[in-house]
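Chain A is already provided as a structure; the job is to place chain B on it using the hints.
There are 2 protein chains.
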Amino acid sequence: MSERLVVIGGDAGGMAAASTARRRRDDLEIVALEKDTRTSYSACGIPYHVGGLVPELDDLVARTPQEFRDRQRIDVRLRSEAVGVDLADRSVEVRDHAHERTYRLGFDQLLIGTGARPVRPPLPGIDEPWVRGVQNLDDAAALLDVARDLRCEQVAVVGGGYIGLEMAEAFVQWGADVAVVEAGPQVMRTLDPDMAALVVEAMERHGVDVHVNTPVAAIERGRILTEDDDELPADLVVLGLGVTPNAELAGDAGLVLGHRGAIEVDHRQRTSAEGVWAAGDCATSFHLVRQERVHVALGTVANRQARVAGINIGGGYATFGGVVGTAMTRLCSTEIARTGVNEAEAQAAGFEYVVGRIESTTKSRYMPKSAPITVKVLAEVGTGRLLGGQIVGGEGSAKRIDTLATAITAGFDLDDMVNLDLGYCPPLSPVWDPVVQACRAAAG
Amino acid sequence: MSERLVVIGGDAGGMAAASTARRRRDDLEIVALEKDTRTSYSACGIPYHVGGLVPELDDLVARTPQEFRDRQRIDVRLRSEAVGVDLADRSVEVRDHAHERTYRLGFDQLLIGTGARPVRPPLPGIDEPWVRGVQNLDDAAALLDVARDLRCEQVAVVGGGYIGLEMAEAFVQWGADVAVVEAGPQVMRTLDPDMAALVVEAMERHGVDVHVNTPVAAIERGRILTEDDDELPADLVVLGLGVTPNAELAGDAGLVLGHRGAIEVDHRQRTSAEGVWAAGDCATSFHLVRQERVHVALGTVANRQARVAGINIGGGYATFGGVVGTAMTRLCSTEIARTGVNEAEAQAAGFEYVVGRIESTTKSRYMPKSAPITVKVLAEVGTGRLLGGQIVGGEGSAKRIDTLATAITAGFDLDDMVNLDLGYCPPLSPVWDPVVQACRAAAG
Numbered sequence: 005m006s007e008r009l010v011v012i013g014g015d016a017g018g019m020a021a022a023s024t025a026r027r028r029r030d031d032l033e034i035v036a037l038e039k040d041t042r043t044s045y046s047a048c049g050i051p052y053h054v055g056g057l058v059p060e061l062d063d064l065v066a067r068t069p070q071e072f073r074d075r076q077r078i079d080v081r082l083r084s085e086a087v088g089v090d091l092a093d094r095s096v097e098v099r100d101h102a103h104e105r106t107y108r109l110g111f112d113q114l115l116i117g118t119g120a121r122p123v124r125p126p127l128p129g130i131d132e133p134w135v136r137g138v139q140n141l142d143d144a145a146a147l148l149d150v151a152r153d154l155r156c157e158q159v160a161v162v163g164g165g166y167i168g169l170e171m172a173e174a175f176v177q178w179g180a181d182v183a184v185v186e187a188g189p190q191v192m193r194t195l196d197p198d199m200a201a202l203v204v205e206a207m208e209r210h211g212v213d214v215h216v217n218t219p220v221a222a223i224e225r226g227r228i229l230t231e232d233d234d235e236l237p238a239d240l241v242v243l244g245l246g247v248t249p250n251a252e253l254a255g256d257a258g259l260v261l262g263h264r265g266a267i268e269v270d271h272r273q274r275t276s277a278e279g280v281w282a283a284g285d286c287a288t289s290f291h292l293v294r295q296e297r298v299h300v301a302l303g304t305v306a307n308r309q310a311r312v313a314g315i316n317i318g319g320g321y322a323t324f325g326g327v328v329g330t331a332m333t334r335l336c337s338t339e340i341a342r343t344g345v346n347e348a349e350a351q352a353a354g355f356e357y358v359v360g361r362i363e364s365t366t367k368s369r370y371m372p373k374s375a376p377i378t379v380k381v382l383a384e385v386g387t388g389r390l391l392g393g394q395i396v397g398g399e400g401s402a403k404r405i406d407t408l409a410t411a412i413t414a415g416f417d418l419d420d421m422v423n424l425d426l427g428y429c430p431p432l433s434p435v436w437d438p439v440v441q442a443c444r445a446a447a448g
Numbered sequence: 005m006s007e008r009l010v011v012i013g014g015d016a017g018g019m020a021a022a023s024t025a026r027r028r029r030d031d032l033e034i035v036a037l038e039k040d041t042r043t044s045y046s047a048c049g050i051p052y053h054v055g056g057l058v059p060e061l062d063d064l065v066a067r068t069p070q071e072f073r074d075r076q077r078i079d080v081r082l083r084s085e086a087v088g089v090d091l092a093d094r095s096v097e098v099r100d101h102a103h104e105r106t107y108r109l110g111f112d113q114l115l116i117g118t119g120a121r122p123v124r125p126p127l128p129g130i131d132e133p134w135v136r137g138v139q140n141l142d143d144a145a146a147l148l149d150v151a152r153d154l155r156c157e158q159v160a161v162v163g164g165g166y167i168g169l170e171m172a173e174a175f176v177q178w179g180a181d182v183a184v185v186e187a188g189p190q191v192m193r194t195l196d197p198d199m200a201a202l203v204v205e206a207m208e209r210h211g212v213d214v215h216v217n218t219p220v221a222a223i224e225r226g227r228i229l230t231e232d233d234d235e236l237p238a239d240l241v242v243l244g245l246g247v248t249p250n251a252e253l254a255g256d257a258g259l260v261l262g263h264r265g266a267i268e269v270d271h272r273q274r275t276s277a278e279g280v281w282a283a284g285d286c287a288t289s290f291h292l293v294r295q296e297r298v299h300v301a302l303g304t305v306a307n308r309q310a311r312v313a314g315i316n317i318g319g320g321y322a323t324f325g326g327v328v329g330t331a332m333t334r335l336c337s338t339e340i341a342r343t344g345v346n347e348a349e350a351q352a353a354g355f356e357y358v359v360g361r362i363e364s365t366t367k368s369r370y371m372p373k374s375a376p377i378t379v380k381v382l383a384e385v386g387t388g389r390l391l392g393g394q395i396v397g398g399e400g401s402a403k404r405i406d407t408l409a410t411a412i413t414a415g416f417d418l419d420d421m422v423n424l425d426l427g428y429c430p431p432l433s434p435v436w437d438p439v440v441q442a443c444r445a446a447a448g
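Protein chains in written order, with our numbering: chain A, 5 to 448; chain B, 5 to 448.
Bound-form chain A, shown alone (with noise of 0.2 Å):
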């Protein structure tokens, strides 16, 4: 009998593995277990469905459960939900929902990629059907069903993040009044203030209200109620508070658990039992910058740990090279990018740090369209090590944090960056890169 992978989880931490052992070994029986009806799908890209760039939800698959079936022989299960993972019996759980059953489903490996959802503190109203989260398609659904019916005008973000930030600029998009309802001081709060400053100035300009140190209280319909007794109004309210991996599963059948309750790998993306493996929003990843195993739910990472998960489930070797906090988004027409470790990071980690920081253009000043870009480094006091940074800007400005994110993982100094040799063309670039000039200052 030839051996059996199952696979719990239709999105990029399990789908992506599968593949991947799929083309490694033509032998392996993989079963893939979806809970919902969509398999491969790009969270990401909600945001941008839901503000009306994206016109179908389905533009978003970037693989179909018929597409694994007929292409890859992998028996993509939908509707099908893992309730339970007996690792002396080696077998799962699976309640299927379509015809109302439940079985045992053996297997020889196992891969846990259940990915994450959003937090939902557990406040008055919060259950409401005009209260909702986004983290699949399912949901996406939901939320534009929602939004339509209530037509609505006023939408409160909850949550100052990048998911909050996104979910802003859609409803910008679709026309309605956006409020950003943060209960902390800042929003962004993987940029340092003065960075996440700009962000706010950014957000006022597309016409988003911003409201720090607000605290929800409870929802109603048609409002929120703050801590401080104000109200805010929404038709709709979205959560935008991040997201808690979903690892009680493996929790329970007994997998060791990290930081923040996701699920601890090894570099092959094993996890503490044998035969078990671990990808993408679920598990935790190694910060090479911060020395310590975190949970980072991102699609770009996720797609990384299945890859390593899928070649060694498939007999070959791989590591997973670790992450060094590098995100982005966008709010329209800003930019906004972040790599390594803030400020308040590199002080929990025990770093002495100078900071260079810059304002200049994304192009040659005298070319139009050239943009303003602002960009922020922290480099290690004595050897001028590369710890992290912070990029805000226009058009053209965010993904310039590869460069810092590359150079960070190669250890690289203020010297090593002001001797790149990056590309300059003046409708493309100043002739010393922002990213450069933020690490001429630091060099003071």
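No wet-lab data here; the hints were simulated from the structure. Since the structure is predicted, the reported quantities are computational estimates derived from the model, not experimental observations. From the three backbone atoms N, C-alpha and C, an ideal C-beta is built for every residue, glycine too. Hints may be right or wrong, so weigh each one.
[As the list claims (entries may be wrong)] Across the chosen pairs, the derived CB separations fall in these ranges:
#, chain 1, residue 1, chain 2, residue 2, range
1, A, Asp-100, B, Pro-197, 52 to 58 Å
2, B, Pro-197, A, Asp-270, 41 to 47 Å
3, A, Gln-70, B, Ala-375, 50 to 56 Å
[Claimed, not checked] Chain B side only, calculated, beta carbon under 10 Å to chain A, not exhaustive:
#, residue
4, Leu-32
5, Ala-66
6, Gln-70
7, Thr-304
8, Gln-351
9, Tyr-428
10, Arg-444
Just chain B, lined up with the frame of chain A:
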């Protein structure tokens, strides 16, 4: 008496060094000689002035002679050409064209930043007024005067390299019929033929007529005669045949010259004579992949070399980190970039290599304005070390070369590339960045 630094050349190589030296040494007497009338201008910006994107020629000037005088006490002397250097006497013979006199100027330190000039082959007709090269702003003004006088409807650009492409774009914007005439078998010889073919497609799409294998025999009023006895109509002929270093002055003085006759310098930008420095388009650079000294005439390199020379002249210590062969340009909406070595260069250097080449999109494929991008990388057989990369694509393509340039500088291999933690969000990138997709393809 204070020490005197004489700088020959008023553009990046000279003036950026002079500024840097001034910041470190308040006591230095600095005299800068410029044979024309402007300082610190962007020669790279000239095509965008010709094409009408940059309204005023003086928009390309970063700092005027008067600003250098007022803010940095640099004695800038215009229309002052260095016509001889006497190393034994430690003096420069200066031709003051404004007052038609010649004088000797003593120096303690000398910085040569004489730049480069367009190659002008000795063809019949090459010196006619309707045949123009473009290196400095005075050339650009003269070109525009001639173009307006001739009301040129048909422009031929001789040479299909970076400057040729940029001047072709300029005259497309201007509204002329443009032909690019290249003697060799392909345009953009710093790219491999398969990538250059994509550039030709783009040129034709943007309305540029491309003639390869077409050596020019003579230029007459209204037409170009080719060696094949063919002819092409041309009211105006623009030379884009590359540049040759202005190093005769240095050679005549006895300084050692190197690749293509450029001035040989060490890591600190010192020439072969004590207290004599060189920077910019007149000097050589060390190529980190080819591991040899080469002549690279680019604004980025000039500015980086000038900074190093200025720090050293100012009593500090800095070394030039070399080049990895990065260059980029744009033809209308098509972006072109390269770094490291191409196939011919890899073969010449004795490298065996594998190739990865992919077609992808600049953003997630489902996003509006997602443009095609082709990326090709070369990696060393066995070690997997990244040797070079080439990109041709739509808006947002070219600056991705910086990731490859940084990685090549770091000595990264294909595994390192696949592990990179790069930025992603759907409106700015696919989840696997195209440069990483190419590295995955090369890894097989």
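Which of the numbered hints above does this structure break? 3, 4, 6, 8
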